[in-house]
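Each protein sequence line maps, in turn, to chains B and R.
The letter at position 49 of the first sequence is residue 72 when you use my numbering, and the numbering goes up by one with no holes.
The letter at position 265 of the second sequence is residue 562 when you use my numbering, and the numbering goes up by one with no holes.
For the record, the hints were derived by calculation from the structure and aren't laboratory data.
Check before you lean on any hint, since a few could be wrong.
Claimed, not checked - Far from chain B by the CB rule (all over 12 Å, computed), these chain R residues: (1) LEU314; (2) ALA351; (3) LEU409; (4) VAL429; (5) ILE436; (6) ILE444; (7) GLY473; (8) ASP529; (9) GLU548; (10) GLY555; (11) ILE612.
Unchecked claim - If you want a taste of the chain R side facing chain B, the calculated C-beta under 7 Å gives, among others: (12) THR313; (13) ALA318; (14) PRO441; (15) LEU451; (16) LEU452; (17) ALA588; (18) ILE589; (19) ILE616; (20) PHE620.
Backbone N, C-alpha and C define an ideal beta-carbon position, used for all residues, glycine too.
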Amino acid sequence: MEHWSPTSTTATADTSPQQPSVAVRLARDPKVVFAGGFILLLIVVAIAAPLVAPQDPLAQNLLMATVPPVGFADAEPGFLLGTDGLGRDVLSRVIFGTRISLTVAFVAAGLACLIGSLLGLLAGYLGNLVDTMISRLVDIWMAFPPVLLSILLVAILGTGLHSVIAAIVVIDWTRFCRVVRTETRGQAQMDYVVAARTIGFSRPAILFREILPNVVPVLIALLTLEMGIAVVVEAILSFVGLSVSSDTPTWGGMIAEGRQIVHEAWWVLAVPLAALFATVVAFNQLGDGLARSLDPVLRR
Amino acid sequence: MLLAIIANRIAMALLTLAGVAVVVFVLLRVVPGDPIAMMISPGAGPADIAALKAHYGLDAPLLTQFWIWITGVVTGDFGTSITLHLYVTEVLASRLPATVELAILALLVAVLLGGTIAVAGTLMRRTAGETVIDGLNSIMLAVPDFIWALALVLLFAVAIPVLPLSGRIDPELAEGFSTKFYLAESVLTGRFAVAGNIITHMAMPTVALALPLAAVIVRLLKQSLKEAMVQDYVLLARIKGFRELHLVLQEALRNAVGPTLALTGVQFTFLIGGTVIVERIFSYPGIGNLAIDAVINRDFPLIQGLVLLFGLIFILINIGVDFAVATLNPRLRHA
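Let the hints inform the model, and build the full structure from the sequences given.
Next up, the structure:
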């Protein structure tokens, strides 16, 4: 029986002494290092936006409208990546836009993770009626096209950052719920859970002290992927005009403006799109790397 | 046995659809914000508002409203769009074909593109070519249709302006169709110049929708092919002297395609969800673009009809996939 062997009674049973520690494995993974580094850089830029941005992101100057980026004909020094249709500095607006994108990424993905995981743990561990009810709810939820549902929710809740975050949480908790439920069901069959139950641990103790730590690696990778999704959803809602008010710079809002004047000033679309692309890819690569380094099964 | 499974699936599907109907109905009504506020002119008094509410049945108790709507839905009457002043079924019927053609074309492109890259990657396994394909594909897996669509705009409408930026067909060519399936009809009636015009309009939205799905297909199919290539029957065929391409296409692909088929079906529903924003970007006149307008205008009957339609499409695809997988795989037929 597995729980007789000295190393396998705890949740860290899979970490045998020969393998390098988690921190070392993470530091050796190029995906984690580069993508994680980029995300860290974004966080710094978002926090220090007023110091980093060369111009006031809201300052309009109609005499300086649609100035192209430096290096193109008619460029103006001081507007490194050009100006938009109202003469606002594109670089400064993209820098300030990181604030909204990252806020949504961390808050919305975090809350979706919290709610989805809790329900998933309950469904997976309690089984029976609770499982059936939660699983059916997930099925109904997933029958909605997510983009349509998010637009629907924001239209109902009213525009604004809170609504965007609420919409993402309300839609994407199902991703966490499904994965955590499956993982929990798998873990609940394991010997260490049977052992814990035999010793007489209470249900909450088994769920949160025994099962949860074993689900966490999968959860961290999923959370990182969800952050990338949240950034895109925010951009889409800004694009449709349902996110924060138009005087706060957002990548999606800039993309929508850029789409309108794409033939006159392509950079108004290209610059925030490139920022969005890099951020989404970084979150995904980081999620991939984390999944590989943290998951004991994938590691082998 | 298969029939019982299908009957069970259909029962579950109807239950899910009923759930969708209740959720969307309640969601739209429990929270503030009503369509009347979007319609009235600034000078309208409380009496005008009450009259309008009565006209659209929005003054009745919630349960009564739900009963009227759901009995209508069962008999095929989804009510009248508040903003378009047309029957919801009429609006949906006129817009759905555009989306169906777009989604199916995107699915075809995704399968062809994804299949080709997966086979190419299998032929190049353990070479630098495979590393390049894997690296590019891991980035493609991350990029959603929204970003592809706008990147394509920058590429093919601005940098090299060869494709039209919006719409489904040049307006002067849009006459003389007897159905709303413009692409299928123009091909079937031999009007290839018109079909070509439609294709140029559909090219960018199609590719934007196809690329994320193609990336998913590449990852799974390539993995399955690699596993199949080391099986005994492939080894046997190799000893018989068949060429590598024959081994991949004739021996491995047939046995490896099952999981990809199932996943493609599930992912196809995501592709259809993606039409909402992609149609918006290209002003393409399908149900996705319609949905955004309906939501922004709080056109309750139209939103309800659209959500049920989307739900129905998703469920039909899922049943279809289960059926296809069960029919193609003899081992699952008795499971």
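Quick rundown of the hints versus the structure:
no.: 1; hint: LEU314; in the structure: violated, 7 Å
no.: 2; hint: ALA351; in the structure: holds, 23 Å
no.: 3; hint: LEU409; in the structure: holds, 24 Å
no.: 4; hint: VAL429; in the structure: holds, 16 Å
no.: 5; hint: ILE436; in the structure: violated, 6 Å
no.: 6; hint: ILE444; in the structure: violated, 5 Å
no.: 7; hint: GLY473; in the structure: holds, 31 Å
no.: 8; hint: ASP529; in the structure: holds, 25 Å
no.: 9; hint: GLU548; in the structure: holds, 29 Å
no.: 10; hint: GLY555; in the structure: holds, 21 Å
no.: 11; hint: ILE612; in the structure: violated, 7 Å
no.: 12; hint: THR313; in the structure: holds, 5 Å
no.: 13; hint: ALA318; in the structure: violated, 10 Å
no.: 14; hint: PRO441; in the structure: holds, 5 Å
no.: 15; hint: LEU451; in the structure: holds, 6 Å
no.: 16; hint: LEU452; in the structure: violated, 10 Å
no.: 17; hint: ALA588; in the structure: holds, 5 Å
no.: 18; hint: ILE589; in the structure: holds, 6 Å
no.: 19; hint: ILE616; in the structure: violated, 12 Å
no.: 20; hint: PHE620; in the structure: violated, 18 Å
When the structure is compared with the earlier hints, violations turn up for hints 1, 5, 6, 11, 13, 16, 19 and 20 and for no others.
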